[in-house]
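J.: Let the sequences and hints guide you as you build the complete structure.
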Amino acid sequence: MIKQQFEIPAGYKKWTYGLLAVGIVAFIAGFIFLGMSKNEHDQTRFWAVLLQNSVYFLLVCNAAMFFICAITLAHGGWSVAFRRVPEAISAVVPVFAILAFLVFLGLILGHRHDIYHWVDKEAVAHDKILTWKKGFLNPTFFFIWTIITLCVWTFTGMKMRKLSRKADEGPMSAEDAKRYTWNNTVWAAIFVVFFALTVGSTIPWLWLMSLDAHWYSTMYSWYTFASTFVAGIALIALFIIFLKNHGYLEYTTREQLHDVGKFIFAFSIFWTYLWFSQFMLIWYANIPEETIYFKIRFQGPYRGFFFLNFIINFCAPILILMTKGSKRNYAVMTFMSVAVILGHWLDFYQMVMPSTVGENHNLGWFEWGILALYIGMIMFFTGRALTKAPLVAKYHPYLKESIIHHT
Amino acid sequence: MDIRKFVVGSFDDEAVLFPAVKKVRKAGYKIHDVYTPFPVHGLDGALGLRDTSLHTAGFVYGLTGLTTALSFISWILTRDWIQNYGGKPHFSLPAWIPIMFELTVLFSAVGMVLTFCYLCQLAPFVKKHVFHPRATDDLFVMVIECTSKTNVKETEDFLAAAGAKEVNVQIAEAGWWLGRYDQDRHLFDNKSETVTA
Numbered sequence: 001m002i003k004q005q006f007e008i009p010a011g012y013k014k015w016t017y018g019l020l021a022v023g024i025v026a027f028i029a030g031f032i033f034l035g036m037s038k039n040e041h042d043q044t045r046f047w048a049v050l051l052q053n054s055v056y057f058l059l060v061c062n063a064a065m066f067f068i069c070a071i072t073l074a075h076g077g078w079s080v081a082f083r084r085v086p087e088a089i090s091a092v093v094p095v096f097a098i099l100a101f102l103v104f105l106g107l108i109l110g111h112r113h114d115i116y117h118w119v120d121k122e123a124v125a126h127d128k129i130l131t132w133k134k135g136f137l138n139p140t141f142f143f144i145w146t147i148i149t150l151c152v153w154t155f156t157g158m159k160m161r162k163l164s165r166k167a168d169e170g171p172m173s174a175e176d177a178k179r180y181t182w183n184n185t186v187w188a189a190i191f192v193v194f195f196a197l198t199v200g201s202t203i204p205w206l207w208l209m210s211l212d213a214h215w216y217s218t219m220y221s222w223y224t225f226a227s228t229f230v231a232g233i234a235l236i237a238l239f240i241i242f243l244k245n246h247g248y249l250e251y252t253t254r255e256q257l258h259d260v261g262k263f264i265f266a267f268s269i270f271w272t273y274l275w276f277s278q279f280m281l282i283w284y285a286n287i288p289e290e291t292i293y294f295k296i297r298f299q300g301p302y303r304g305f306f307f308l309n310f311i312i313n314f315c316a317p318i319l320i321l322m323t324k325g326s327k328r329n330y331a332v333m334t335f336m337s338v339a340v341i342l343g344h345w346l347d348f349y350q351m352v353m354p355s356t357v358g359e360n361h362n363l364g365w366f367e368w369g370i371l372a373l374y375i376g377m378i379m380f381f382t383g384r385a386l387t388k389a390p391l392v393a394k395y396h397p398y399l400k401e402s403i404i405h406h407t
Numbered sequence: 001m002d003i004r005k006f007v008v009g010s011f012d013d014e015a016v017l018f019p020a021v022k023k024v025r026k027a028g029y030k031i032h033d034v035y036t037p038f039p040v041h042g043l044d045g046a047l048g049l050r051d052t053s054l055h056t057a058g059f060v061y062g063l064t065g066l067t068t069a070l071s072f073i074s075w076i077l078t079r080d081w082i083q084n085y086g087g088k089p090h091f092s093l094p095a096w097i098p099i100m101f102e103l104t105v106l107f108s109a110v111g112m113v114l115t116f117c118y119l120c121q122l123a124p125f126v127k128k129h130v131f132h133p134r135a136t137d138d139l140f141v142m143v144i145e146c147t148s149k150t151n152v153k154e155t156e157d158f159l160a161a162a163g164a165k166e167v168n169v170q171i172a173e174a175g176w177w178l179g180r181y182d183q184d185r186h187l188f189d190n191k192s193e194t195v196t197a
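These protein sequence lines are chains A and B, in that order.
For the first sequence, my numbering begins at 1 and goes up steadily by one.
For the second sequence, my numbering begins at 1 and goes up steadily by one.
Derived by calculation from the structure, the hints in this document are not laboratory data.
Negatives, chain A to chain B, calculated, CB over 12 Å:
no., residue
1, K3
2, Q43
3, N362
4, F380
With a cut-off of at most 25 Å between alpha-carbon atoms, the simulated SDA-like pairs for lysine to any residue come out as follows:
no., chain 1, residue 1, chain 2, residue 2
5, B, K88, A, G304
6, A, K262, B, A57
7, A, K400, B, A15
8, A, K262, B, S53
9, A, K262, B, P98
10, A, K295, B, Y85
11, B, K88, A, A285
12, A, K324, A, W78
13, A, K262, B, G111
14, B, K88, A, F298
15, A, K262, B, R50
16, A, K159, A, T181
17, B, K22, A, T253
18, A, K400, B, V16
19, B, K128, B, I3
20, B, K88, A, R303
21, B, K30, B, T155
22, A, K295, B, A95
23, B, K88, A, F307
Think of the CB as a built atom: it goes at the ideal place given N, C-alpha and C, for glycine as much as any other residue.
T.: This is how it looks when you write it as structure tokens:
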């Protein structure tokens, strides 16, 4: 008899509540000492950190649903044995969507032109470039598109999870299984197409690239996507290893973990490819409007982060995850997953901070506290979602394919 | 030339092949090789083959390519033929990375293909004995190598009992040889039963 029903272990609970407590204290202290501070730099720091974390973790959790949908579209069966894990992670999306939306409300209704320069109407009117971009970068469009995006992610994600629960009900006939697979394919396609329109293009432009309102890069959205996707897969890997260590997910073997490891390896390289392409074209062309973005990151106070980013997110995965043995090793995979999640968090840090707080950056108690808050929330909501459904979709048509999966 | 005697069994089903491989190995016969129309997952494990070292070779070739590119470009552009490209420093690493990447890929790809061919004993003008032409079509062909002590009849019966559809004995060259096919076609016909082991 396999262990189907996940029960949250005491240690997990302790860590969750510990992180949440630390995070909430940090948030409250941050709100009082930074958010309400008379010092403008402190206020900027408060909002920039909230923006960085809420966008990063929202996109990371949403990447879990993209992972499911992309594999569903490819008719991949190998991941069905642990499919409930990315599903549970994607169940965090509605919560994080609301939190991110609250942050955007605060930023735009609070008229924070130190974060989003384009909310300052006066400045836009006197600025040729921003006047051109006005049709896209304005509060109305920002809110409409953000609301649509968050709603569609939430809704299609829920639909996919609901469809998955149908595989718990009972054996399917061949006809039912075909119809079931087709339904899954259709909804996965809707999600993926919308994902391309949002994470693949417009959403990073609106939420992140507009921090540097004058600057633009055609690589930016893909770069953001690659960053969050690889972190999302690392998060899936962490939960798989955690559940395996507690005796769950009997059908998920090292074969599946190996493939997840391949994903982390491959998308780390993909991320580097975009990271470098964006950098090299701007470096080579050497046009002041474009190089301004890298001036502060590459030669300014963020130089350390720039190279640390490269080491954690490229050098480490490519060298450590290259061999077959390391992708099948729980300890190595855990280490690399944590490194990748933190590495891309730092990547977002150096995407957001130079454009907002600039030279007054400070990776201090507030930044780590909010990180703890978000990790605590992921653990809390994912853990809760895992308990709500059996860990194996027993009657899924591809389950057998997943069990006998062999790399 | 290393001419040996082989007992060849042909299976028409993967599901029969796997238990047969297990039985044959358990009985202590030495499997020369199994020829299949397509890559069969897990067969290398069942045959007890060690992991290939092809990827290690690929890594080494890649490093060679990377080093070649970096040392060659940097020698040209900082020592041998210094030129000013758009005011960039002579040692401008970002501009070279695409070339370094390409040569890494090129060296590892070409090197691995050649190594693969060597490991599989394939090369232009080189011949290998084909145990059953249908191994490239729809048959899984298991080849057992005989020694001077092997009871051939018993081996044949064993294979047939394990589910082989077709069993025969062939005396053939075990490795590869240089030659032209039309001339070598009858190389093993009418050989007497002298087997070197």
